Amino acid sequence: NAGVMQNPRHLVRRRGQEARLRCSPMKGHSHVYWYRQLPEEGLKFMVYLQKENIIDESGMPKERFSAEFPKEGPSILRIQQVVRGDSAAYFCASSPIRDGEQYFGPGTRLTVT
Amino acid sequence: KQEVTQIPAALSVPEGENLVLNCSFTDSAIYNLQWFRQDPGKGLTSLLLIQSSQREQTSGRLNASLDKSSGRSTLYIAASQPGDSATYLCAVRPGWETSGSRLTFGEGTQLTVNP
Chain A
121 NAGVMQNPRH LVRRRGQEAR LRCSPMKGHS HVYWYRQLPE EGLKFMVYLQ KENIIDESGM
181 PKERFSAEFP KEGPSILRIQ QVVRGDSAAY FCASSPIRDG EQYFGPGTRL TVT
Chain B
21 KQEVTQIPAA LSVPEGENLV LNCSFTDSAI YNLQWFRQDP GKGLTSLLLI QSSQREQTSG
81 RLNASLDKSS GRSTLYIAAS QPGDSATYLC AVRPGWETSG SRLTFGEGTQ LTVNP
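The listed protein sequences derive, respectively, from chains A and B. Residue numbering for the first sequence follows our numbering, starting at 121 and increasing by one per position. Residue numbering for the second sequence follows our numbering, starting at 21 and increasing by one per position.
Calculated directly from the structure, the hints in this document are not laboratory data. Among the hints, a few may not be true.
What the hints assert, rightly or not - Computed cross-link-like contacts, SDA-like style, restricted to lysine to any residue with a CA-CA straight-line distance of at most 25 Å:
| # | chain 1 | residue 1 | chain 2 | residue 2 |
| --- | --- | --- | --- | --- |
| 1 | B | K62 | A | S144 |
| 2 | B | K21 | A | E221 |
| 3 | A | K164 | B | G115 |
| 4 | B | K62 | A | E138 |
| 5 | B | K88 | A | I217 |
Every value quoted in this text rests on a predicted model; they were computed, and no experiment measured them.
Taking the hints into account, I'd like the entire structure generated from these sequences.
Below, the structure is given as structure tokens:
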């Protein structure tokens, strides 16, 4: 059973471009969580999704950020018009049930130049 | 608002020492607590998960305890090895139904075990 997969592992974008980060949960997991780790800071919760539904987006910045988890395919975290402050490691986690143990992917390291 | 604090921020020990990492949280209404390991440039590996009704969990040389009423958890590592060098993160999940399943993380303890 493959673990949580994230791609790309490293992403470089210029200011103003769009960034798309993908997360494939573990097989059988229908709950996905996104976290962000800014340089020299701890991980912060962004959004929690189930298939086709956003359950909790209280940690998402109000503008430029969106997330989806379609019926088929990976979960996508989308950042529009990136700025330097978006440079961070973005981690995805999945779990089989709502309050289950969360299993983390290797992360996507976004660098905005 | 839940806050999680980990002490110390960094720790350097010689190989073979037993050590304790501390985690405290401000809101005792938690569902569970997890300890993770993070290697540089890598993702998180779950080490131990303690449910709110449990007092401790053990896995190999690792033992985690939970005192929910005082808002504290400790991670005990026995006979430390250089391969244990990593950042150790503590995370809590709130117990309220409306909060979803988010984890609140501490900022970690960076452990170096010297050969």
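Need the list of violated hint numbers for this structure, in ascending order.
Hints that this structure does not satisfy do not exist here, as all of them hold.
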